[in-house]
Amino acid sequence: MTKIAVTYKNGEIFQHFGHTEDFKVYSIEDNCISDSGVINTNGQGHEALAVFLSSLGVTVLICGGIGSGAMEALSEQNIKVAAGVKGDCDVAVKDYLAGKLEYTSVPNCSHHHEHGHEKKDPPLSLENSFFKPVNTVH
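All the letters of the sequence shown, read from the start, carry residue numbers 13 to 150 under this note's numbering.
Careful: at least some of the hints might be erroneous.
[Stated by the list, open to error] Think about it this way: if two alpha-carbon atoms lie no more than 25 Å apart in a straight line, the pair counts; the simulated DMTMM-like pairs of lysine to aspartate or glutamate are:
| id | residue 1 | residue 2 |
| --- | --- | --- |
| 1 | 106 | 41 |
| 2 | 112 | 47 |
| 3 | 92 | 34 |
| 4 | 98 | 59 |
[Said to hold, decoys possible] For each label pair, taking beta carbons as the anchor points, the in silico distance ranges come out as:
| id | residue 1 | residue 2 | range |
| --- | --- | --- | --- |
| 5 | 52 | 102 | 16 to 26 Å |
| 6 | 92 | 51 | 14 to 24 Å |
| 7 | 81 | 41 | 27 to 37 Å |
| 8 | 111 | 55 | 32 to 42 Å |
| 9 | 22 | 68 | 15 to 25 Å |
| 10 | 42 | 80 | 31 to 41 Å |
| 11 | 66 | 33 | 13 to 23 Å |
Bear in mind the hints are in silico, worked out from the structure with no lab data behind them. All values reported here derive from a predicted model rather than from experimental measurement. Glycine is no exception: its CB is placed at the ideal position from the N, C-alpha and C atoms.
Can you make the complete structure from the sequences, with help from the hints?
Shown next as structure tokens:
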């Protein structure tokens, strides 16, 4: 049996692997979906997700954007990746089974600074915010 994981949010492929909160995991038998379910990542992110997926027996990942560190970690866990995929999760898995999706070894998310991977935003405070506290006591 093969297991395929898809980055998941509201039925669609979530577009940033390292920030996905859920995966939809499909069990495949005789090139058909025999079972599927949504599994929460329990707050794990980026490269740690590769070990998480491997522990579930996943051998194929379908996702949107993915960075080089995550690609390397998935490769080390012998998980093949079909990246840059958008749309409905179920349709993507059916496309994969029909041979319409290709594996990639090239990351398609190289703009880590935009996602805050390397640089953290300062904590919010009233001093550096345009929001002002509202007195709710009447």
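Within 31 to 41 Å or not, the Cβ separation of residue 42 and residue 80? 35 Å, holds
Taking the Cβ atom of residue 52 and the Cβ atom of residue 102, is their distance within the range 16 to 26 Å? 19 Å, holds
Given the hint that residue 106 pairs with residue 41, does the C-alpha gap stay at or below 25 Å? 13 Å, holds
So the hint says 13 to 23 Å: do the beta-carbon atoms of residue 66 and residue 33 match that? Since residue 66 and residue 33 have Cβ atoms about 19 Å apart, the given range 13 to 23 Å holds.
27 to 37 Å as the expected CB spacing between residue 41 and residue 81, which holds or is violated: Since residue 81 and residue 41 have Cβ atoms about 33 Å apart, the given range 27 to 37 Å holds.
Return holds or violated for the Cβ distance of residue 92 and residue 51 against the range 14 to 24 Å. For residue 92 and residue 51 the Cβ distance comes to about 19 Å; the hint holds.
Quick one: are residue 22 and residue 68 within 15 to 25 Å, going by C-beta? Taking Cβ atoms as reference, residue 22 and residue 68 lie about 21 Å apart, which means the hint holds.
Given the proposed pairing of residue 92 with residue 34, does the C-alpha separation stay at or below 25 Å? 18 Å, holds
Does residue 47 lie within 25 Å of residue 112 when you go C-alpha to C-alpha? The given pair, whose Cα atoms are some 21 Å apart, holds under the 25 Å limit.
25 Å Cα cutoff - pair residue 98, residue 59: 21 Å, holds
Lying within 32 to 42 Å: is that true of the beta-carbon distance residue 111 to residue 55? 35 Å, holds
In summary, the structure agrees with every hint in the numbered list given earlier.
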